[in-house]
Each structure stands twice: as C-alpha cells, then as structure tokens.
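Student: Chain S is fixed; fit chain Z onto it per the hints.
2 protein chains.
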Amino acid sequence: MSNLDHRKATKTIKVTDINGMPVKNAKLRLLQKSHEFLFGCGGFDFVALTNVQDEKVKAHFQDITDKWLKIYNYATLPFYLGEFEKEEGKPETQSRMNAALYLKERGVTLKGHPLVWHTVCADWLMKYDNETILRKQLERIDREVLGFKGVIDMWDVINEVVIMPIFDKYDNAITRICKEKGRVGLIKEVFERAHADNPDAVLLLNDFNTSINYEILIDGCLNAGVPISAIGIQSHQHQGYWGAEKLYEVLERFSHFGLPLHFTENTLISGQIVPAHIEDLNDYQVSEWPTTPEGEERQVKEVEEMYRILFSHPRVQAITTWDFRDGAWLGAPSGFLRKDGSVKPAYEMLRKLIHEEWKTDMTLTTDENGVATADAFRGRYEIDLKESTTEASFTDDSELVITV
Amino acid sequence: MSNLDHRKATKTIKVTDINGMPVKNAKLRLLQKSHEFLFGCGGFDFVALTNVQDEKVKAHFQDITDKWLKIYNYATLPFYLGEFEKEEGKPETQSRMNAALYLKERGVTLKGHPLVWHTVCADWLMKYDNETILRKQLERIDREVLGFKGVIDMWDVINEVVIMPIFDKYDNAITRICKEKGRVGLIKEVFERAHADNPDAVLLLNDFNTSINYEILIDGCLNAGVPISAIGIQSHQHQGYWGAEKLYEVLERFSHFGLPLHFTENTLISGQIVPAHIEDLNDYQVSEWPTTPEGEERQVKEVEEMYRILFSHPRVQAITTWDFRDGAWLGAPSGFLRKDGSVKPAYEMLRKLIHEEWKTDMTLTTDENGVATADAFRGRYEIDLKESTTEASFTDDSELVITV
Numbered sequence: 001m002s003n004l005d006h007r008k009a010t011k012t013i014k015v016t017d018i019n020g021m022p023v024k025n026a027k028l029r030l031l032q033k034s035h036e037f038l039f040g041c042g043g044f045d046f047v048a049l050t051n052v053q054d055e056k057v058k059a060h061f062q063d064i065t066d067k068w069l070k071i072y073n074y075a076t077l078p079f080y081l082g083e084f085e086k087e088e089g090k091p092e093t094q095s096r097m098n099a100a101l102y103l104k105e106r107g108v109t110l111k112g113h114p115l116v117w118h119t120v121c122a123d124w125l126m127k128y129d130n131e132t133i134l135r136k137q138l139e140r141i142d143r144e145v146l147g148f149k150g151v152i153d154m155w156d157v158i159n160e161v162v163i164m165p166i167f168d169k170y171d172n173a174i175t176r177i178c179k180e181k182g183r184v185g186l187i188k189e190v191f192e193r194a195h196a197d198n199p200d201a202v203l204l205l206n207d208f209n210t211s212i213n214y215e216i217l218i219d220g221c222l223n224a225g226v227p228i229s230a231i232g233i234q235s236h237q238h239q240g241y242w243g244a245e246k247l248y249e250v251l252e253r254f255s256h257f258g259l260p261l262h263f264t265e266n267t268l269i270s271g272q273i274v275p276a277h278i279e280d281l282n283d284y285q286v287s288e289w290p291t292t293p294e295g296e297e298r299q300v301k302e303v304e305e306m307y308r309i310l311f312s313h314p315r316v317q318a319i320t321t322w323d324f325r326d327g328a329w330l331g332a333p334s335g336f337l338r339k340d341g342s343v344k345p346a347y348e349m350l351r352k353l354i355h356e357e358w359k360t361d362m363t364l365t366t367d368e369n370g371v372a373t374a375d376a377f378r379g380r381y382e383i384d385l386k387e388s389t390t391e392a393s394f395t396d397d398s399e400l401v402i403t404v
Numbered sequence: 001m002s003n004l005d006h007r008k009a010t011k012t013i014k015v016t017d018i019n020g021m022p023v024k025n026a027k028l029r030l031l032q033k034s035h036e037f038l039f040g041c042g043g044f045d046f047v048a049l050t051n052v053q054d055e056k057v058k059a060h061f062q063d064i065t066d067k068w069l070k071i072y073n074y075a076t077l078p079f080y081l082g083e084f085e086k087e088e089g090k091p092e093t094q095s096r097m098n099a100a101l102y103l104k105e106r107g108v109t110l111k112g113h114p115l116v117w118h119t120v121c122a123d124w125l126m127k128y129d130n131e132t133i134l135r136k137q138l139e140r141i142d143r144e145v146l147g148f149k150g151v152i153d154m155w156d157v158i159n160e161v162v163i164m165p166i167f168d169k170y171d172n173a174i175t176r177i178c179k180e181k182g183r184v185g186l187i188k189e190v191f192e193r194a195h196a197d198n199p200d201a202v203l204l205l206n207d208f209n210t211s212i213n214y215e216i217l218i219d220g221c222l223n224a225g226v227p228i229s230a231i232g233i234q235s236h237q238h239q240g241y242w243g244a245e246k247l248y249e250v251l252e253r254f255s256h257f258g259l260p261l262h263f264t265e266n267t268l269i270s271g272q273i274v275p276a277h278i279e280d281l282n283d284y285q286v287s288e289w290p291t292t293p294e295g296e297e298r299q300v301k302e303v304e305e306m307y308r309i310l311f312s313h314p315r316v317q318a319i320t321t322w323d324f325r326d327g328a329w330l331g332a333p334s335g336f337l338r339k340d341g342s343v344k345p346a347y348e349m350l351r352k353l354i355h356e357e358w359k360t361d362m363t364l365t366t367d368e369n370g371v372a373t374a375d376a377f378r379g380r381y382e383i384d385l386k387e388s389t390t391e392a393s394f395t396d397d398s399e400l401v402i403t404v
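So the sequences go chain by chain: S and Z.
Here the first sequence stands for residues 1 to 404, numbered as in the numbering used here.
Here the second sequence stands for residues 1 to 404, numbered as in the numbering used here.
Just so you know, these hints were derived from the structure itself, not from any lab.
In this text, all values refer to a predicted model and were calculated from it rather than measured experimentally.
Note that CB positions come from ideal geometry on N, CA and C, so glycine has one too.
Treat each hint with caution, since some may be false.
Some but not every residue of chain Z turned toward chain S, in silico, with C-beta under 10 Å [to be verified]:
no.: 1; residue: K179
no.: 2; residue: E180
no.: 3; residue: V184
no.: 4; residue: E215
no.: 5; residue: G220
no.: 6; residue: N223
no.: 7; residue: G225
no.: 8; residue: I278
Just chain S, with the same shape it has in the complex (with noise of 0.2 Å):
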C-alpha cells in the first residue's frame, strides 16, 4: 500500500570462517526481535503492578499488562505533579521506578509524562509567589531527570502551553507564572533546564492544539534555542475520527521544522462519539459509556487507517495508544480491551500489523561470496545460522559479517 523504505536497513550480510573465508550457501534466519519505531500505550497501569500488595489486584492487572506487553515497545508512565506529590516533600518515586525497572527489564522504551502542566498540578504550589513557584518547579525537573536517568531517558517536559496562560477553568499556578513569563519564555526555561540535566534525553513540547497557534509557537521556540528534540501532537478523537485529510494535512503543517513527530496521546472510542458542541471533553459526563459492536468495527477501520499513514510518514517516529483499556480516561470506550479484560478486534489488528506485516521474519541463502541481502524492518534482530546465535541491531544500510 504505501512505500515503507525508510522504515527499512538494506543489509549486507558477509557470513566467513575463522580464516575470513566467505561460506557459501550458508542459510540464515532474519528474526526481529524489537521495532526502532516507538509503538507505545500509556503504561499507568505497571504502576498498579508493580506496587499493590492485593493479590486478586495484582493479577487482574497482570493479566491487563501481558496482554499490554504483546503489542507495545514503548509506555508513558504518568508523573502528574497533583498526583506524584500530593504532599510537598513526598513524591512517589519509588512507584514510578517500580514501573519503570519492570518495563526496561521487558525491553520496553519509557517517557516520563509531563514535567509541567496546568491540570492535575499540585495545588499546594498556589501557596507561593511566582518566583518560588517557578523555582519549585525547575527542581521538580532536576528531581525527575535526573534521578530517572538511565531508565527514563525522554520527558514530555511542558504540556498545553498553547492554552496555558489563557487557561481559566481554575486558578493554578502554572497558568500563573505562563501569564507572568510569556509562552517562550517558560518553555525556554523548562527546556533549558531539562536538557541541563540530562543532555541525551529527547525533550518534547506536547499540545491537543493542532492549529496554526502550535505551529507558531513551535516556530518560535525554535527560533529562541530551545533544546526541543520532537514534535509531540496529542489526537484525542472522542469527538470523532480526524480522517486521512485532516491526518494528512497535520503530517504536512508540522513536518516543515524537521523534527521528529511524536504522535502522543491517540484516542479511538469504540462507543457514542462525544457531540461536536462538547469543547472541553471533560465536561461530557456519563453514567453509563459502554463500547458497541458497531463501534468496535469502526474502531478497528479508523486504527488500521491512521497507524498506517503515520507509520507510512518519514517524520513520524512514535504513536502512542493513550488508554490500553476501557474505562480509564472520562470513563470512555478508548481501550483495545474491553472492561472485561477481553480484547477487540483493534487489538488482534494492530498486534497483527506490528508483529506480523511490519515485522521482518526471512530466511536468507549466502551467494558465492558468503553474502546475503536483505530489506528488513529496523530494529533488534537475532540471525540464526546452524547452531549459532547473533544479535545485531539493524538501523542503517552498513555491512554486518558474522563469523561461523
């Protein structure tokens, strides 16, 4: 359907003896072990995991997060300033790091998410002037950064500034010092302060915003120096598919700074799409919100569309699934599983496309020169060749030789 060569290494393979003579007709087995493309779903639920004592909890998420760990290569895991530190003083990092050690010892990539924001912050921080606020919350970055460095190596660092400084829904104190600061300027800071700390993370600024006031303010901050490393575009959908138009149009918009995009937070209900009139979606309040047949067969359709235009994309780096189950985010039906734990028919379709379409499994002849090639999917790989075992990673075109 679409040209996926960039998602591709074009790898010579140069099999010799102990003496470097080539040995022909050697067969090898090309097995991907890991994708290069972040394939990612938010991963509150490890938290829960790996932190309650409950046994009948612990395996009602264990059973959640097997199926979790079949799918993704990459999770967000959440660091809510008004939840990570209810009590200034108190922060739930070892719940965090409980997570994050058992998601690295999977092979699993991990993004911190966010630094900053003006929702879910703490509200012991309105106690204090502009300036401690600011203060307290460049050694919350500090804190995090890097005391998560070598696990967490990439952070949503700000959230929303778009709206940030105009945002009037309640008082907090990071619409405080945004308003104080200007839009640029708190980015600046944060980011400066981020990349301070850990100069190898990827640092991204994230927004639901996708108008041309992102695109400025991206624009801008570029132009100012901040360390931003990748475009993060949330795309929440419980209004209704974007559709490949819109979905196009913003690959395009946001292409032309040459950084990476990170697809986020990606929401697809399979259930009553919110009415158009709804513009905070926290506002749409429901008892009941179930998931439907009719619903999960466009939920399926509307996945496979979107995950192979963005895969299809050259900038596009990341997708992140935001709710692995229903039921969590405003209660909605935004999961691959059902509130039972059984699994839709957008789960079996996208386990599908990452570990069967997209995922390199080929066996491979060496000609007279002891060399094969192949056009393979970026990623780890584990070549086997008679009895022996290699481990390569396959991320550019350059030559391999393994010795038999």
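Tutor: Chain Z in isolation, oriented as in the chain S frame:
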C-alpha cells in the same frame, strides 16, 4: 473622563534675572506647539502633491493636504515594492523623498510602510530562486533604510506575517520565502538587517490579526531576540466598530510584552457596513459606496470613543487614521473628508480633541521664589514672557529655568 497623567509633564519653571535672582509675579504663557503623542494619518496624498505637474491637480491635493496638516503630526508614506519599484532597478525614491521632505519641514514625523509584504509585491521577484529573492529583499531594506535615514526613521518592517506563509490567493515571492524560512526566521532576518542599517530607527511588526496567533508570534520573536521597537495593530473596521470591550481586551493582551503599541491603520467608515460573511475586505466590490448623514454621525461617535480609549492607555504611542479622504482604499467612505473635499463631523471633532482638549495653552504667574508649576500635555512648547519667547520640550518633569 479618563486619567491622562501619563500624557502630561509636571513642569516647574523658574524665572531668574541675569544675576540669578528670582523674578516674582512674572506672567508666563505656555503655548503647546506640537504633541509627543503621534497623531497619524496615511500621507499618500503628499506624494501626489509634491510630484504632480498639472496645476489644477496640484491645487486639489493642496487643499486636501492643508486640511490634513491642521490635524496630524505623523504620516505613513507608501513603500509597497510592487508600486515603488514596478520595474526592477527603477525605484520611486525621488517622489517619496519629495513628499518626505515637504512633511519634515512642517514638523511631521514619518513612517515608511512596508519594507516586506506579500501583497502589492513586485511580480519581477518571482523569476528568481528563494535565495535570490531574500537577498534582493535585504538589499531593498538597505536601500530604503539607509537612503532615507534622518528623514524617515520609523518603518513597518514586515507586514501581516501571521497569514504570510499560508496566503494562497495568488503566488508571490514573499510567501515563498516565508514558507521556506518560517515566520520567525524571516522576521528575524529582515528586522536584523533594518536594525543594522539604522540602529536608532523605530521598527514595527504590523498585523491585522489580533488573535492569539499574533500574540504567540510576538512572544516567539522577542524570545528569539528580534529587535522590535513597537507592536503595530491594524484596526480596519469596515465590518463595524470593534467597540470598547474588544478594544480593551486587545489592549490588555498586547500590553503585557512591555512594548509600545501603535494603532497603525485605523478605519471607521461613514457608510454601509461590510457584511460579516466577507472574509477578505478586498472581496467587497461595489460600484458606489456613499457616505451618509447617519453614517457620519455614527463615525464621529466611534472615532471619538476609540481615540479617547487609546489616548488614555499608557502603552499606546500612536494612532494612525488610514484614509484621510473618502474613496481611497476599496472606494470606501472611510475618510474624514468627503469626496468633494468638505469635512465630516469626525474631522472637526478630532481637530478639537487634539488641538483644544488635549493641548495646553495656559497663563501662569511666578511666586515669590520666581517659580510656577504646570501640568502640561507632553510636546514642544513656546513660552512667552513679556517680549521674550523661549522654546522647550516638555517630555519629563525636570525643572526649566528661564533667564530674563
């Protein structure tokens, strides 16, 4: 009505004799000759006046411009590349210089408009590649800013950048380079060039877009170190008066950058209002667009309210009426003169406001220490004392000593 302290200087005037002894009971007359505040208007008719040969035509423009000079102290002169340099290498430098010198001799402050814009742009630029287009734009900036230095020291450097890269009505050279360099990148380049050419010049960014887009654009530019001296806000109200509420809101939103605000292009018409569904005013084409008695009554009220609000706001340094006479841009009844040259109520109201209500003409008597104190509108003054006349600028509260 409003507090105008920020428009006044509290001046202490001391009168001494040649031995330095105070002169008491001396009668002083303070007569304001000009304003510090920039009361501006489009000065395009001065280009006609100072360059036409035909005596009848000249007399027509003489009448218009004499009426102009009775109100304003600040003129915007046209430098649209597509008219200024219709044929490459043949700029209209002399005609603009004739107009500029005529105005300067009469004490009028000047602004050139604009140095870079995608509209009324030169078609011949389009035959070049983007690199050459940018180089020619920068050379154009050098030519005008250096060539008019000392005569014109204020420039609308770049016009309407919010829409510039997505402007799609027709192909043009500036949209092309803005697409490539991005908004802030292009703004930075052209401002830095103008600033290097004339470091003392007042350099404006100017836009009709007063939305959050423009705020974020300014924020980005300032954080990227763009040397913006003042924020230009257009207010063409062919579709109806903004009203005080919107005006206060715009003032509040654009004040927080700490820069002076210039209302660069103000229009309030005295005829039929343009329907709300018209998106681009240039699309409103009518054969006749007359001024009406009711329209003129509406216009005078709206102009007065707007000038009072803007003059009372400390950040505002300039208000420019766009069309002095009817039938200029779009053929609209947008002027303060009718097509037959007669003055509308708005003309007389504004003359009184600026030259009576907001102008100082007072008589003082010195006390026993030879001192008199005046709260006087900022500007140039003539101080008459018996047979002697002293000229002075009242722009701060410093003491003035007059020796008789």
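Student: Please flag the earlier hints that this structure goes against, numbers listed from lowest up.
Tutor: The structure breaks only hint 8.
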